[in-house]
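Generate the whole structure from the sequences, applying the supplied hints.
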Amino acid sequence: MKVQGILAAIKTTMGGLNTQMRRMELISDNIANAEKTPDKNGEVYKRKVLVADSKNNSGQFSEQLKLKLNRSDKDHMSPGIDNLKGNKNRPGFEVAEQDNEISVYEPNHPMADENGYVRKPDVNLVEEMVDLVSATRVYEANVTVINAAKNIAKKSMEI
Numbered sequence: 000m001k002v003q004g005i006l007a008a009i010k011t012t013m014g015g016l017n018t019q020m021r022r023m024e025l026i027s028d029n030i031a032n033a034e035k036t037p038d039k040n041g042e043v044y045k046r047k048v049l050v051a052d053s054k055n056n057s058g059q060f061s062e063q064l065k066l067k068l069n070r071s072d073k074d075h076m077s078p079g080i081d082n083l084k085g086n087k088n089r090p091g092f093e094v095a096e097q098d099n100e101i102s103v104y105e106p107n108h109p110m111a112d113e114n115g116y117v118r119k120p121d122v123n124l125v126e127e128m129v130d131l132v133s134a135t136r137v138y139e140a141n142v143t144v145i146n147a148a149k150n151i152a153k154k155s156m157e158i
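Counted from 1, the sequence shown has number 107 at position 108 by numbering that gives the first Met the number 0; the numbering is strictly sequential.
In short, the hints are calculated from the structure, not lab data. Being a predicted model, the structure only gives us computed values, none of them experimental. Just to be clear, a hint being listed does not mean it is correct.
For lysine-lysine, the following DSSO-like pairs were computed, each having C-alpha atoms within a straight-line distance of at most 30 Å [said to hold, decoys possible]: (1) K35 to K47; (2) K149 to K47; (3) K45 to K35; (4) K39 to K10; (5) K153 to K45; (6) K153 to K47.
Label-pair distances were calculated between CB atoms; the ranges are [what the hints assert, rightly or not]: (7) N40 to R136: 30 to 40 Å; (8) N150 to A51: 30 to 40 Å; (9) V125 to N150: 34 to 44 Å; (10) A51 to V144: 15 to 25 Å; (11) I9 to S102: 44 to 54 Å; (12) M13 to N114: 46 to 56 Å; (13) I101 to T135: 18 to 28 Å; (14) E113 to V144: 34 to 44 Å.
Glycine included, C-beta positions come from ideal geometry on N, C-alpha and C.
The structure is reproduced here in structure tokens:
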């Protein structure tokens with residue numbers, strides 16, 4: 000059965016709510032693991048982001064835009080942004096892990112190498128907090144849309 004009218008608007012908005020909730024979960028994971036040292040296998044936590052899944056989408060939007068990101072300098076964006084590994088998560092979106100890591104000089108740290116450096120994930124807490132605020136605002140906007148749709152449905156029943 001095809002959903003139409005107000006219910007279609009609510010269904011679409013619920014998809015937006017789910018997406019933003021997932022974004023907030025990933026950002027929270029990134030913040031929680033920002034200072035994590037390598038595990039027993041030597042693996043460093045990889046920053047996770049939610050990206051559009053090109054396999055499940057029709058591609059109409061991206062085909063119409065045909066945009067490409069250009070860099071004027073190689074240092075303007077993290078190099079790991081190009082080598083994302085995708086994991087299947089939800090239709091339309093997937094979780095991508097960024098392979099970046101940084102070495103921090105902490106000679107007294109128990110996990111420091113012979114040169115005094117500790118490998119840590121390349122997670123910028125300021126960027127994560129900005130992303131979290133952005134996701135929260137988009138979530139709030141979707142809640143406002145649902146409330147407006149509910150009010151429209153209520154008013155239409157009064158007629």
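Against the structure, the hints come out as follows:
no.	hint	result
1	K35 to K47	14 Å, holds
2	K149 to K47	34 Å, violated
3	K45 to K35	10 Å, holds
4	K39 to K10	44 Å, violated
5	K153 to K45	47 Å, violated
6	K153 to K47	41 Å, violated
7	N40 to R136: 30 to 40 Å	38 Å, holds
8	N150 to A51: 30 to 40 Å	31 Å, holds
9	V125 to N150: 34 to 44 Å	38 Å, holds
10	A51 to V144: 15 to 25 Å	21 Å, holds
11	I9 to S102: 44 to 54 Å	49 Å, holds
12	M13 to N114: 46 to 56 Å	51 Å, holds
13	I101 to T135: 18 to 28 Å	27 Å, holds
14	E113 to V144: 34 to 44 Å	56 Å, violated
Hints 2, 4, 5, 6 and 14 from the list above are not met by this structure, while the remaining hints are.
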